[in-house]
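Visitor: Sequence positions in the sequence shown follow this note's numbering and run 2 to 194.
No wet-lab data here; the hints were simulated from the structure. All values derive from a computational prediction rather than experimental measurement. Possibly wrong hints are sitting among the right ones.
[Said to hold, decoys possible] Pair ranges (Cβ atoms, derived):
id, residue 1, residue 2, range
1, A149, E105, 26 to 36 Å
2, A149, A41, 23 to 33 Å
3, D103, P48, 16 to 26 Å
4, P84, E5, 15 to 25 Å
5, A38, D12, 39 to 49 Å
6, A169, D103, 16 to 26 Å
7, A50, A116, 33 to 43 Å
8, G63, D103, 36 to 46 Å
9, P10, R134, 20 to 30 Å
10, G151, E94, 31 to 41 Å
11, E5, E62, 40 to 50 Å
Cβ atoms here follow ideal geometry from the backbone N, Cα and C, with glycine treated the same way.
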Amino acid sequence: MSLELPALPYDIKALEPYLSRETVRRRHGRLQRRCVARLAALAAGTPWADASPEAIARGAEGELAREAARAWALTFHWHSLAPRQGAPSEALEAAIVAAFGDPEGLYRALDDASAPLRGVGGWGWLVARGEGRELAVLATAEGELPLAPGVIPLLVHYVAPEAEEAAAGLAAFRALANWRFAAANLAGPALPA
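I would like the entire structure built from these sequences, with the hints used as guidance.
Guide: As structure tokens, this is what we get:
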């Protein structure tokens with residue numbers, strides 16, 4: 002596997018009006034492109050040169066692991082959004098109700114967990130934990146992932162470092178959350194390693 006910028010899973014303007022074409026272009030075409038280029042440069046000439054970003058994030062250390070985490074999270078972010086949102090599957094909706102009371106409770110929990118990252122940048126994650134796959138919300142810095150044993154990322158909400166973008170980010174996530182992707186991850190990871 003080569004470390005290259007993955008294509009978006011939809012057209013660059015498909016997330017409008019919630020995420021503008023310029024925002025997608027900036028995050029994917031500039032931010033993620035630079036991230037993948039840095040990752041490829043750091044991995045060149047190492048045993049990680051042909052590994053996936055997820056494998057590098059799980060097994061490497063230091064800056065190489067952090068850059069791999071950024072690259073993987075950005076790819077996961079694009080798959081966590083969909084132009085046609087739909088609704089959570091019955092199983093996922095039941096898990097949301099059990100963990101958060103209702104979908105609004107989930108969004109409040111994501112907002113609360115992500116609050117310390119506003120103006121700094123990072124990720125708000127919906128994850129499943131343990132054998133029972135109970136849902137939880139976690140927040141991580143940009144170079145960190147919730148890839149611990151027994152934790153399955155379902156969706157991720159990008160918390161932009163720019164204050165004005167961070168404020169609008171959760172509203173965009175609410176409108177664009179890819180529940181089909183989340184349900185697939187709950188059944189087993191949907192993003193190739």
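Visitor: Does each hint hold? Answer for all of them.
Guide: Structure-based check of each hint:
1. A149 to E105: 26 to 36 Å: holds (28 Å)
2. A149 to A41: 23 to 33 Å: Given about 26 Å between the Cβ atoms, the range holds.
3. D103 to P48: 16 to 26 Å: For P48 against D103, whose Cβ atoms are near 47 Å apart, the range 16 to 26 Å is violated.
4. P84 to E5: 15 to 25 Å: holds (24 Å)
5. A38 to D12: 39 to 49 Å: violated (23 Å)
6. A169 to D103: 16 to 26 Å: At 23 Å between Cβs, range holds.
7. A50 to A116: 33 to 43 Å: holds (38 Å)
8. G63 to D103: 36 to 46 Å: For G63 and D103 the Cβ distance comes to about 41 Å; the hint holds.
9. P10 to R134: 20 to 30 Å: For R134 against P10, whose Cβ atoms are near 24 Å apart, the range 20 to 30 Å holds.
10. G151 to E94: 31 to 41 Å: violated (23 Å)
11. E5 to E62: 40 to 50 Å: With a Cβ separation near 23 Å, E5 and E62 fall outside 40 to 50 Å, so the hint is violated.
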